[in-house]
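We have chain A already, so just place chain B on it with the hints.
Line by line, the protein sequences are chains A and B. Each residue of the first sequence is one higher than the last, beginning at 0 in numbering that gives the first Met the number 0. Each residue of the second sequence is one higher than the last, beginning at 0 in numbering that gives the first Met the number 0.
If you're looking for bench data, these hints aren't it; they were derived computationally from the structure. Just so it is clear, the structure is predicted and the values come from calculations on it, not from any experiment. Cβ atoms here follow ideal geometry from the backbone N, Cα and C, with glycine treated the same way. One thing to keep in mind: the hints can contain errors.
To be verified - Heads up, simulated DSS-like pairs for lysine-lysine below, C-alpha to C-alpha not over 30 Å straight-line:
| id | chain 1 | residue 1 | chain 2 | residue 2 |
| --- | --- | --- | --- | --- |
| 1 | B | Lys215 | B | Lys188 |
| 2 | B | Lys188 | A | Lys155 |
| 3 | B | Lys131 | A | Lys34 |
| 4 | B | Lys247 | B | Lys188 |
| 5 | B | Lys131 | B | Lys215 |
| 6 | A | Lys175 | B | Lys215 |
| 7 | A | Lys155 | B | Lys247 |
| 8 | A | Lys6 | A | Lys34 |
| 9 | A | Lys154 | A | Lys187 |
| 10 | A | Lys34 | B | Lys215 |
| 11 | A | Lys187 | A | Lys175 |
| 12 | A | Lys154 | A | Lys34 |
| 13 | A | Lys6 | A | Lys208 |
| 14 | B | Lys188 | B | Lys131 |
| 15 | A | Lys208 | B | Lys131 |
| 16 | B | Lys131 | A | Lys187 |
What the hints assert, rightly or not - Residues on chain B that point at chain A, a partial pick, calculated with CB under 10 Å:
| id | residue |
| --- | --- |
| 17 | Gly20 |
| 18 | Arg70 |
| 19 | Leu72 |
| 20 | Asp76 |
| 21 | Tyr126 |
| 22 | Glu235 |
| 23 | Val275 |
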Amino acid sequence: MSENSLKCVLAFKWARNPEDARVGLDGAVDWSSAKMAASDDDEAAALLARGLSADITGLTLGDGDVAWAAARGASSTLSISDARPALDSGWIAAVLAAGVARLGAPAVVLVGDCTWEPAVPVLLGARLGWPVLAGVLEATAAEGSLRVTRRTATKKETLTVTTPVVLAVLARRQEKPPSMKEILAARKKPVERLTTADLGLKPPGAEIKLRGSAPPPAMQVTVYAGRDDPAGAARQLVAALRSEGVI
Amino acid sequence: MNDGANRAGCWVIGADSGAWGGMVAAARSLGGPITAVAAGDRVLAEEAAAAGADAVRWYDLAEGAPPEALRTLLAADAAAAPRIVLSLPDAASRVVWAAVVAELGAPALGAVVGLGRDGESVLVTRYAAQGKALETLATDGPLAAVFDGADLPWVGEPAPITRIAAPGTDFLRLLEAADEAGAEEADLKTAERVVGIGLGVRKRERLVLAESVAAKLGAALACSLPVCEDLAWFGESRVIGVSSNRIKPQLYLMLGISGSPQHMTAVRDARIIAAVNIDPEASIFSKCHYGIVGDLAEVLPALLEVL
Numbered sequence: 000m001s002e003n004s005l006k007c008v009l010a011f012k013w014a015r016n017p018e019d020a021r022v023g024l025d026g027a028v029d030w031s032s033a034k035m036a037a038s039d040d041d042e043a044a045a046l047l048a049r050g051l052s053a054d055i056t057g058l059t060l061g062d063g064d065v066a067w068a069a070a071r072g073a074s075s076t077l078s079i080s081d082a083r084p085a086l087d088s089g090w091i092a093a094v095l096a097a098g099v100a101r102l103g104a105p106a107v108v109l110v111g112d113c114t115w116e117p118a119v120p121v122l123l124g125a126r127l128g129w130p131v132l133a134g135v136l137e138a139t140a141a142e143g144s145l146r147v148t149r150r151t152a153t154k155k156e157t158l159t160v161t162t163p164v165v166l167a168v169l170a171r172r173q174e175k176p177p178s179m180k181e182i183l184a185a186r187k188k189p190v191e192r193l194t195t196a197d198l199g200l201k202p203p204g205a206e207i208k209l210r211g212s213a214p215p216p217a218m219q220v221t222v223y224a225g226r227d228d229p230a231g232a233a234r235q236l237v238a239a240l241r242s243e244g245v246i
Numbered sequence: 000m001n002d003g004a005n006r007a008g009c010w011v012i013g014a015d016s017g018a019w020g021g022m023v024a025a026a027r028s029l030g031g032p033i034t035a036v037a038a039g040d041r042v043l044a045e046e047a048a049a050a051g052a053d054a055v056r057w058y059d060l061a062e063g064a065p066p067e068a069l070r071t072l073l074a075a076d077a078a079a080a081p082r083i084v085l086s087l088p089d090a091a092s093r094v095v096w097a098a099v100v101a102e103l104g105a106p107a108l109g110a111v112v113g114l115g116r117d118g119e120s121v122l123v124t125r126y127a128a129q130g131k132a133l134e135t136l137a138t139d140g141p142l143a144a145v146f147d148g149a150d151l152p153w154v155g156e157p158a159p160i161t162r163i164a165a166p167g168t169d170f171l172r173l174l175e176a177a178d179e180a181g182a183e184e185a186d187l188k189t190a191e192r193v194v195g196i197g198l199g200v201r202k203r204e205r206l207v208l209a210e211s212v213a214a215k216l217g218a219a220l221a222c223s224l225p226v227c228e229d230l231a232w233f234g235e236s237r238v239i240g241v242s243s244n245r246i247k248p249q250l251y252l253m254l255g256i257s258g259s260p261q262h263m264t265a266v267r268d269a270r271i272i273a274a275v276n277i278d279p280e281a282s283i284f285s286k287c288h289y290g291i292v293g294d295l296a297e298v299l300p301a302l303l304e305v306l
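In isolation and in its complexed conformation, chain A is listed as follows (with noise of 0.2 Å):
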């Protein structure tokens, strides 16, 4: 496999931040500023696609700027533009799937293994029938496979798996951001921009509702001044680890 040939999808911006969420005094979670938002898994995910081909379509839902994927090595970039998040995570996951069958047939769908919603990665590449591999740290393309190294709760592994295959990218630091020069270009690249109804898809169904939120319990905490009297605070805490048994 040349890995100039290797058709790759990066999924980008298909889920909001929530830190952009608005959090009431009673709870309630007011999500209508958050925008679709990168995470840093994403730009994982991009720098992994560079590094993997030169042939790569960015795909996104919703509102967010359709320049990013551009802006990081992708020729063009479908938008599937009212796909909204919903309670059930299938949903995105579904029409993240449709929008990778609308593309044709790429090798490589990458995708950022995205804290903020866990099961949308392992749901599109059940959608998809494909095989998945989940908190991915590197992929280099062997001769026809791909060897890919990840992250499981208590290893890191390596494996070879064959293409087409969806590889859910893990953050490990900051990456840079584009240049000036890159993200002015990247506006200039093609976006095509189809609906959900387009794509063939319902809206989800009324299956899981939200019954409430509330603040999170409070902890007891225990606070000790330091500022004034810092061999007070330090005795006072050891005393109070001693008391609880930890040291």
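Just chain B now, kept in the frame of chain A:
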């Protein structure tokens, strides 16, 4: 799709070591039989059996086959799945779970921390908005969820294990596996006490003091991601975070760490969290058990005096 929507009980799925006990306890609150589905080696099957489930389906992987290779077999076996299917949150477990979920046709939720029942409805709790709210969701139908709640050890007789030999595949093969025993990560994961270094430590001389405190406590040293990336005082293997190391020590002492959601989720299973930070407004002071508002340059020598 199967007819699991009408089948009582719950499958709890995992392909790695994790919060099996917590997941089974959450499932127990729903009533009905609980089957642990373990995709891995015998050690994993025994961990699942010791978590309080009623039975274990152990998918004994062929040599060189990772759990994700079970995709086809699990899709077929999903016909036996009940209406509720839970998964551990690690990378391999979620993939195994998704193969079942796709066949079950159930709506899916990520990162749930609790389950319950209200009549015929299943209730699910999960954190929203980076932990600033706790949502309760309800469904009357089948449900698939990634369980990311705390572990809960279970004491009792292990469940019977049924072994299912899984064939190898040619699409996916494991080449190498390293226990994260670049010794450092393994050491962090088993440490009784861990001292975490954050950007608030700032100066080398304070790092030396922090190392002395850790030595007096017999604690392993860890750090926040910015300390690894920006200061390069520690390698990646020492980083605490959802994407790096999750730990569960008896004591986690955080020095100059503000307490980002990524960091705090990874230490959620620590029994006692203590923190020293100069900023009284730091979010850590609502997320720890004990804290000192103070300058590390003064508090660390004071701690060394009394330890």
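Results of checking the hints against the structure:
{"no.": "1", "hint": "Lys215/B x Lys188/B", "verdict": "19 Å, holds"}
{"no.": "2", "hint": "Lys188/B x Lys155/A", "verdict": "14 Å, holds"}
{"no.": "3", "hint": "Lys131/B x Lys34/A", "verdict": "18 Å, holds"}
{"no.": "4", "hint": "Lys247/B x Lys188/B", "verdict": "7 Å, holds"}
{"no.": "5", "hint": "Lys131/B x Lys215/B", "verdict": "35 Å, violated"}
{"no.": "6", "hint": "Lys175/A x Lys215/B", "verdict": "39 Å, violated"}
{"no.": "7", "hint": "Lys155/A x Lys247/B", "verdict": "20 Å, holds"}
{"no.": "8", "hint": "Lys6/A x Lys34/A", "verdict": "28 Å, holds"}
{"no.": "9", "hint": "Lys154/A x Lys187/A", "verdict": "43 Å, violated"}
{"no.": "10", "hint": "Lys34/A x Lys215/B", "verdict": "48 Å, violated"}
{"no.": "11", "hint": "Lys187/A x Lys175/A", "verdict": "22 Å, holds"}
{"no.": "12", "hint": "Lys154/A x Lys34/A", "verdict": "35 Å, violated"}
{"no.": "13", "hint": "Lys6/A x Lys208/A", "verdict": "39 Å, violated"}
{"no.": "14", "hint": "Lys188/B x Lys131/B", "verdict": "27 Å, holds"}
{"no.": "15", "hint": "Lys208/A x Lys131/B", "verdict": "20 Å, holds"}
{"no.": "16", "hint": "Lys131/B x Lys187/A", "verdict": "39 Å, violated"}
{"no.": "17", "hint": "Gly20", "verdict": "15 Å, violated"}
{"no.": "18", "hint": "Arg70", "verdict": "6 Å, holds"}
{"no.": "19", "hint": "Leu72", "verdict": "13 Å, violated"}
{"no.": "20", "hint": "Asp76", "verdict": "14 Å, violated"}
{"no.": "21", "hint": "Tyr126", "verdict": "7 Å, holds"}
{"no.": "22", "hint": "Glu235", "verdict": "7 Å, holds"}
{"no.": "23", "hint": "Val275", "verdict": "7 Å, holds"}
Comparing the model with each numbered hint stated earlier shows that hints 5, 6, 9, 10, 12, 13, 16, 17, 19, 20 do not hold.
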